[in-house]
Amino acid sequence: MTKSGKTFTTALTITATVLVTVVAARGVRTEQANTAPSDIVLRGRYLVLTHACGECHGGGDDPAAKGFLAGAGLSEPLVEFKIGPPPCGVDPKATGCFTTRPRNLTPDDATGMGRFTERQLFNALRYGLRPEDTPDVTITSMTPGKGNFPMQPHYVAPPMPWPAWRHMPDADLRAIAAYLKRGLKPVVNKVPDSEGPPDFWASGMTPAEIGTYPAPAFPTMYEQQPPAANHARVMRGRALVLEHGCADCHQSLAGPAAKGYMAGITSPDQEFVLGGCFQDPKAPCFHGRARNLTPDKETGIGKFTDQQIFNALRYGLRPDDTPDVKITSRTPGQGNFPKEPKYLGPFMPWSSWRYMPDEDLLSIVAYLRHGLKPVSNKAAASDDTPDHWASAVAQLGAYPPPAFPTANEVRRK
Amino acid sequence: MRLRLTVSLFLALMALPGSPREAAGPALFQAVTPAAAETFTSPPVLRNGSEKPGVVELDLTAAPARLELVPGKPTTAWTYNGTVPGPTIELREGDTVTIHFHNRLAQTTTVHWHGLHIPSGADGSPLNPVVPGGNQDYVFKVPAGTAGTYWYHPHPDMTTTEQVARGLYGALIVLPARPTEDPLAGIRDRLLILSDNRFQPDGSVDLPDHMSPAGHVDAENGREGNVLLVNGQTMPALEIRPGELQRWRIVNAAAARIFRLAIPGQKLLHVGSDGGLFATPRAVDDLMIANSERVEVLVRGGAPGSRAVLQTLPYDRYDPHTRPTDWNQPRDLLELRTTTDAPLPAMTIPATLRVVTAIDIKQVAARRALVFSQGMINGKTMDMRRVDVSARLNTTEIWQIENVVAMDHPFHLHGFRFQVLDRDGVPEPYVSWKDSVNVPRHSRVRIAVRFEDFAGKWMFHCHILDHEDMGMMGILLLR
Chain P
1 MTKSGKTFTT ALTITATVLV TVVAARGVRT EQANTAPSDI VLRGRYLVLT HACGECHGGG
61 DDPAAKGFLA GAGLSEPLVE FKIGPPPCGV DPKATGCFTT RPRNLTPDDA TGMGRFTERQ
121 LFNALRYGLR PEDTPDVTIT SMTPGKGNFP MQPHYVAPPM PWPAWRHMPD ADLRAIAAYL
181 KRGLKPVVNK VPDSEGPPDF WASGMTPAEI GTYPAPAFPT MYEQQPPAAN HARVMRGRAL
241 VLEHGCADCH QSLAGPAAKG YMAGITSPDQ EFVLGGCFQD PKAPCFHGRA RNLTPDKETG
301 IGKFTDQQIF NALRYGLRPD DTPDVKITSR TPGQGNFPKE PKYLGPFMPW SSWRYMPDED
361 LLSIVAYLRH GLKPVSNKAA ASDDTPDHWA SAVAQLGAYP PPAFPTANEV RRK
Chain G
1 MRLRLTVSLF LALMALPGSP REAAGPALFQ AVTPAAAETF TSPPVLRNGS EKPGVVELDL
61 TAAPARLELV PGKPTTAWTY NGTVPGPTIE LREGDTVTIH FHNRLAQTTT VHWHGLHIPS
121 GADGSPLNPV VPGGNQDYVF KVPAGTAGTY WYHPHPDMTT TEQVARGLYG ALIVLPARPT
181 EDPLAGIRDR LLILSDNRFQ PDGSVDLPDH MSPAGHVDAE NGREGNVLLV NGQTMPALEI
241 RPGELQRWRI VNAAAARIFR LAIPGQKLLH VGSDGGLFAT PRAVDDLMIA NSERVEVLVR
301 GGAPGSRAVL QTLPYDRYDP HTRPTDWNQP RDLLELRTTT DAPLPAMTIP ATLRVVTAID
361 IKQVAARRAL VFSQGMINGK TMDMRRVDVS ARLNTTEIWQ IENVVAMDHP FHLHGFRFQV
421 LDRDGVPEPY VSWKDSVNVP RHSRVRIAVR FEDFAGKWMF HCHILDHEDM GMMGILLLR
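Sequence lines, in order, name chains P and G. In terms of our numbering, the first sequence has 388 at position 388, counting the first letter as 1, and numbering is strictly consecutive. In terms of our numbering, the second sequence has 194 at position 194, counting the first letter as 1, and numbering is strictly consecutive.
The hints are simulated quantities; they were obtained by calculation from the structure and are not laboratory data. Don't be surprised by glycine CBs; every beta carbon is placed ideally from N, CA and C. One or more of the hints may lead you astray.
In silico DSSO-like links for lysine-lysine, alpha-carbon gap of 27 Å or less [to be verified]: (1) G:K267 <-> G:K380; (2) G:K380 <-> G:K457; (3) P:K413 <-> G:K380; (4) G:K52 <-> P:K146; (5) P:K190 <-> G:K380; (6) P:K282 <-> P:K93; (7) G:K141 <-> G:K457; (8) P:K303 <-> P:K282; (9) P:K413 <-> P:K342.
If you want a taste of the chain G side facing chain P, the calculated C-beta under 8 Å gives, among others [what the hints assert, rightly or not]: (10) T96; (11) T325; (12) S373; (13) K380; (14) M384; (15) V405; (16) P440; (17) R444.
Facing chain P, from chain G, some residues (calculated, C-beta under 10 Å) [claimed, not checked]: (18) A177; (19) V217; (20) A366.
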């Protein structure tokens, strides 16, 4: 979920307090996704699940959920974003904001992706180009007017995190396109069209705002060379942190060469606001404040063990409030799972990240600990609920995710 | 972004002194000498140079002329025979027509006879350009059964928007072979060519650079003017007698604007579309007319001395990114003044205007989908060397035009009239002849078309002129 302090800010405004949907305490399998599927559609499905597409586009992380990827408005809660100059997305009373909405990603011809080719979807994921406004051609340049890159590019509306997704390998982006086109059943759902500025966001899509592609070489001045023994893992972790858009919230969207990279928010404009207050002033909203993920001992993750950070990514357990133990169960009180778990707020899409193999999660941990320079920055704590989000987590779908195909899915040529 | 003129504008049609083509003969659409109360004027009717019955020979010249598109601010407009709009061409079914066209512009152009079913070589498509200084004879026969309201405009490759904006557009009326065949004979005909334009403070046509922000908005929306025009005039006053019924033939010659016409206080009697009259009239509160479409309506005079206004009501055809802020404001087009004359006796409208037969779709040679996205058809932009659709003469096809983007795109097929079968699956409630149909955002329209008489290459395209120029066009090859 993208958020940029400079040109626009973002907030998720939902009618209920629940954004995250998945996690049941049944299975204890933690290595379910450890083998990357060789099948392109299954590979795409895995990437769609672990990149949290359903968090905005419908159905959360559960491919069996009603309205999975079918766009805003079909399944509750309604997801909308308010994009514009601060305090758009943070203050419901802000003016001059554009409303953007996650669209229907199912292959319905009229209301979804049915009439776009997989190449057009690839171009949307790699270059952020709206498929309906961009010819079905192979793009070989990022300079407008060259190599089939449009002279006046039309970008998909923020907060679609294509600046992060573009860092995935070609084959992965093609796999996502293949899954959307060939692995989902079409669902008719007309999502109202997103608003935006007349330049279709072009002025905000500069390297200064969204970073460069490809990403700057490692290490930048905010990164450091890890011990040789950790190098491979750190590099793998860096790629995952980039392609999962961690910095979209943990700062900064402009990438590893930007000041304060992964060091957490530094201004209230960068908060992530979630809840119904944008539709109904009396409804509650919750403020997420992305924390400092650099290895600083006081304000960052330096004080936590690898196990604690792993437990946060896999189980959503707050490292501050969870013992440094290996967890072998998902039932509170069993196998070291806390009796009264305290979860990270739903601003943090760990319910998608949890589907990643252990090795990937450990690689992310290794990068945070060994690949980043420590930065001192104390972000205020995020808003919490009295049950520390336990009732929201109880509504999450199954772990591991249901087998392909669910009722929403199909195998199509 | 949109030019705001601080002076109120009264655009008048300024024919040049000694304009080469004056109204002549017993034409239906004579240039009207404005009475004291009527400021509404019509373009002159182009004089037929042939004396032979059934033979029409016309001279039409595209050339710059010094005109006041904005009163008091002479500028160089591009004109047909010196006027904006150009002279009205009046033909009859069965006429053998030769139009001697002369291009005296500095640009390549063509003249497209929008809606006429004539040989492809006479269609004025971009495949037959007329170079600066060049001449072209357009020769065709007006098919029987096509009495209706049409229009003509340039159709060169990539520069249509500019040429139309600078003044090149005019109406073409096809009358029944014999006046007695007109079911509305005796009802006064009025021609209303709707358009819009945008001007610089010096009165010249505002055409921003394509790479400027304003040019970008034009490219997205299609160029819209902030000045609304009826026959080149702003807010003319048109007279009608109490109780009188008038037949208004309305052409939308705007590059992109869709008009939603209404006269608050009276229903419009919608009697015809692009290809002429319906079988039966239909009463409507308001009437959409997308760019390049035509409608025919019957309008009734009010109480003696009363006034009414022809308005265009808000209609949201825009992508949310480039929707103008004032889109939701109604705009006035024309004042309808009922005279204080003695009321005319009520006129009866025939219950049946004519027979309009539905195209037989029991035998369909092909069903095709054309996907309209922004600037593209089926993901491609225009290539003059490419054939996009290949079809057979003497067959019937069903085309589904799908609009997958957030703004409307009007579809136009050259050379062949068609009938709308359904819109988003809802069957069209009446049969009518169309050559252009608006396809609203995220919707689909199915049409049936019968290909007869004329082999060759035919254009189909989005009739937002900027989109057409950008290549939102394809080629149909008929063999």
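Tested hints:
no.	hint	result
1	G:K267 <-> G:K380	42 Å, violated
2	G:K380 <-> G:K457	18 Å, holds
3	P:K413 <-> G:K380	24 Å, holds
4	G:K52 <-> P:K146	58 Å, violated
5	P:K190 <-> G:K380	24 Å, holds
6	P:K282 <-> P:K93	13 Å, holds
7	G:K141 <-> G:K457	19 Å, holds
8	P:K303 <-> P:K282	39 Å, violated
9	P:K413 <-> P:K342	44 Å, violated
10	T96	44 Å, violated
11	T325	11 Å, violated
12	S373	4 Å, holds
13	K380	7 Å, holds
14	M384	17 Å, violated
15	V405	5 Å, holds
16	P440	12 Å, violated
17	R444	6 Å, holds
18	A177	44 Å, violated
19	V217	5 Å, holds
20	A366	18 Å, violated
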